[in-house]
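Taking the hints into account, I'd like the entire structure generated from these sequences.
Protein chains: 2
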Amino acid sequence: MNFSSRKIEQAVEEISRLPGIGKKTALRLALHLLRRPSVQTEALSAALLDLRINTTFCTQCHTISDTEICGICSSVKRDKSIVCVVEDVRDVMAIENTGGYGGVYHVLGGLISPMDGVGPGDLTIDNLLEKLATGEVSEVVFALNTTMEGDTTNFYLYRKVKDFDLKLTTIARGIAVGDELEFADEVTLGRSIQHRIPYEQSLPK
Amino acid sequence: MNFSSRKIEQAVEEISRLPGIGKKTALRLALHLLRRPSVQTEALSAALLDLRINTTFCTQCHTISDTEICGICSSVKRDKSIVCVVEDVRDVMAIENTGGYGGVYHVLGGLISPMDGVGPGDLTIDNLLEKLATGEVSEVVFALNTTMEGDTTNFYLYRKVKDFDLKLTTIARGIAVGDELEFADEVTLGRSIQHRIPYEQSLPK
Chain X
0 MNFSSRKIEQ AVEEISRLPG IGKKTALRLA LHLLRRPSVQ TEALSAALLD
50 LRINTTFCTQ CHTISDTEIC GICSSVKRDK SIVCVVEDVR DVMAIENTGG
100 YGGVYHVLGG LISPMDGVGP GDLTIDNLLE KLATGEVSEV VFALNTTMEG
150 DTTNFYLYRK VKDFDLKLTT IARGIAVGDE LEFADEVTLG RSIQHRIPYE
200 QSLPK
Chain W
0 MNFSSRKIEQ AVEEISRLPG IGKKTALRLA LHLLRRPSVQ TEALSAALLD
50 LRINTTFCTQ CHTISDTEIC GICSSVKRDK SIVCVVEDVR DVMAIENTGG
100 YGGVYHVLGG LISPMDGVGP GDLTIDNLLE KLATGEVSEV VFALNTTMEG
150 DTTNFYLYRK VKDFDLKLTT IARGIAVGDE LEFADEVTLG RSIQHRIPYE
200 QSLPK
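Residue numbers (numbering that gives the first Met the number 0), protein chains in the order written: chain X, 0 to 204; chain W, 0 to 204.
Keep in mind that a hint or two might mislead.
When chains are identical, the list treats them as one kind, so a pair holds in a single copy or across two.
[What the hints assert, rightly or not] Each computed DSS-like pair below joins lysine-lysine, with the alpha-carbon atoms no more than 30 Å apart: (1) 22 <-> 76; (2) 130 <-> 161; (3) 159 <-> 79; (4) 161 <-> 22.
Simulated from the structure, these hints should not be mistaken for laboratory data.
Please read all numbers here as calculations on a predicted model, not as lab measurements.
Printed below as a string of structure tokens:
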């Protein structure tokens with residue numbers, strides 16, 4: 000592309016390093032910022048720097064946090080004996096949004112993926128095992144996505160933790176609330192049938 | 000959304016103000032930056048600020064420029080008697096990329112769009128008329144998009160400039176080079192036939 004301004008070129012260059020944003024989208028975003036009051040760009044720029052420089056990872060669950068120990072791990076209301084293993088902070092947020100979980104989390108920081116060069120050593124697995132070795136945890140809930148990488152990681156973790164004296168669970172898979180049976184895929188519907196629950200449990204409390 | 004960190008929340012808030020970026024995409028981008036070396040975020044942040052604060056609009060053609068008069072308007076190689084009227088700097092870049100235009104531009108900075116509250120007074124039309132009144136321009140090329148707003152603006156401009164003693168042209172519309180006739184839309188193919196050119200002109204020089 001032939002830019003009329005070096006500064007636009009530089010901004011487009013930097014914006015298009017973000018995932019899923021090409022040069023054309025980057026240019027559209029840059030031109031948008033130019034049309035807005037400069038205070039918007041200043042706020043965006045400051046928020047990005049603040050995020051990158053001043054956030055840290057919770058030393059207990061490895062989620063992104065403003066403090067050394069995150070709000071969930073430091074809360075007295077949370078049951079520290081139940082640990083839910085998730086891939087990243089987005090999963091923590093998704094589960095927190097349901098309001099239906101009272102335990103704590105352990106964020107792996109990714110999934111085992113030989114194709115992307117991510118091995119078990121790149122994840123926070125050792126720290127999870129240390130946590131389990133203290134004997135304070137009674138249940139581990141696996142909540143990884145059912146992708147190739149998720150299943151691989153699940154299986155690796157299962158082999159590592161199966162000798163500990165604890166309850167191992169995984170989140171229920173089945174057809175979504177409100178979905179119609181005839182349009183559900185076979186694997187999901189199969190699991191829904193296979194892991195059916197007592198009717199009383201499905202009633203709203 | 001329930002954020003584990005105030006800083007993430009703030010960054011997501013600011014990123015999602017950009018057009019076409021929702022909260023989920025903003026979060027994905029923020030997490031991406033967190034995984035990268037902080038120098039990337041610093042470069043992005045600085046480039047955005049630099050763009051917003053240090054760029055200006057060329058006083059002659061209103062394109063975005065680092066200097067008071069842009070590279071095109073200040074070039075002695077460009078024919079100042081031909082002015083191509085475009086909507087914004089992206090169109091300037093698109094035409095510049097063809098390498099086939101030797102005149103200068105006039106960037107309107109938008110299109111007349113009553114729905115969006117953009118009237119003729121919000122565009123650089125007065126400045127265009129002043130430029131034409133000097134008598135130094137011999138041809139005006141309309142290169143606005145053929146949307147409702149583009150056509151409205153074209154017609155408005157046509158009525159304003161038709162009494163000046165100059166050649167008014169518009170960019171050729173027709174089916175694209177390489178496209179097959181049978182799949183072209185009727186309006187486009189109709190224009191292609193109607194505005195046919197001497198065969199010799201279509202040969203590569």
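Consistency of the hints with the structure:
1. 22 <-> 76: between (47 Å within a copy, 29 Å between copies)
2. 130 <-> 161: within (14 Å within a copy, 80 Å between copies)
3. 159 <-> 79: within (20 Å within a copy, 74 Å between copies)
4. 161 <-> 22: Neither. Shortest intra-copy (48 Å) and inter-copy (38 Å) distances fail the 30 Å Cα cut-off.
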